[in-house]
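Undergrad: Basically my numbering = 1-based index in the sequence shown + 31.
Misleading hints may appear alongside valid ones.
Claimed, not checked - The calculated lysine to aspartate or glutamate pairs, modelled on EDC-like cross-linking and capped at a C-alpha distance of 20 angstroms, are:
1. K216 with E177
2. K145 with D91
3. K200 with E177
Said to hold, decoys possible - The calculated label-pair distances, taken between Cβ atoms and stated as ranges, are:
4. I55 with N186: 23 to 31 angstroms
5. S180 with T205: 19 to 27 angstroms
6. R66 with E177: 29 to 37 angstroms
7. P162 with K102: 25 to 33 angstroms
8. D132 with T89: 32 to 40 angstroms
9. D202 with D91: 42 to 50 angstroms
10. R66 with N186: 41 to 49 angstroms
11. S206 with D230: 35 to 43 angstroms
12. N118 with T53: 22 to 30 angstroms
Don't read these hints as lab results, they were simulated from the structure. All values reported here derive from a predicted model rather than from experimental measurement. Don't be surprised by glycine CBs; every beta carbon is placed ideally from N, CA and C.
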Amino acid sequence: MKPGKSMLVSASLLAAFAIGGTAIVALTYTNTADRVSQNKRDYTLGKLHELIKPDQHTNDMDRDTIQVQDKMLGTKEKVLVYRARKNNQPVAAIIQSVAPDGYSGRIEMLVAIKYGGELAGVRVVGHRETPGLGDAIDARKSDWIEQFSGKSLQNPGETAWKVNRDGGKFDQITSATITSRAVIKCIHNTLKYYELNRDYLFKKQDNE
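Could you build all of it, start to finish, from the sequences and the hints given here?
TA: Following this line, the structure appears as structure tokens:
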């Protein structure tokens, strides 16, 4: 085969391999992206359903969301509020909140509040607290976070939203009082934010 023709064949083969490789990569990315997206949605729904059970709502909570911004929620960033409804009637709001003053930095939480203002539950979804001590705020590590379920601004009352050693009504985690204080303060502030903004949260249009 003549040198010129050999180079042309080689170039053509390389081009064919490049096109084929690009097509395979693109197809793999598309298929993987779909799976990743579904996995993220399944994870989010799993966390939401720990707080508001599937039989308590009829809407897609992970899609019935709004973004809000308020310093009472512990961050200057916008955060998501997931809304639970049953037959178009409001059931609860699950608010992304941040305790900025944890022992090892910010603690990210989901605070679920029933329409009437009572806590349905709380879950910590991100933190860097000390393993074996402060990480007891994680429901996978201990049941400490469960003590907030059923509580509200009126129960136990404004001045009682503190750890026991500060004269409040909530247990602190042994050797992790700073962490405990940060979480309790965040939950209390989120409840106050909800009380001030409940009608706004449920009236605002989806995904605005």
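Undergrad: Now tell me, hint by hint, if it's right for this structure.
TA: Right, here's what the structure says about each hint:
no.	hint	verdict
1	K216 with E177	16 angstroms, holds
2	K145 with D91	17 angstroms, holds
3	K200 with E177	14 angstroms, holds
4	I55 with N186: 23 to 31 angstroms	59 angstroms, violated
5	S180 with T205: 19 to 27 angstroms	21 angstroms, holds
6	R66 with E177: 29 to 37 angstroms	33 angstroms, holds
7	P162 with K102: 25 to 33 angstroms	30 angstroms, holds
8	D132 with T89: 32 to 40 angstroms	38 angstroms, holds
9	D202 with D91: 42 to 50 angstroms	36 angstroms, violated
10	R66 with N186: 41 to 49 angstroms	44 angstroms, holds
11	S206 with D230: 35 to 43 angstroms	42 angstroms, holds
12	N118 with T53: 22 to 30 angstroms	49 angstroms, violated
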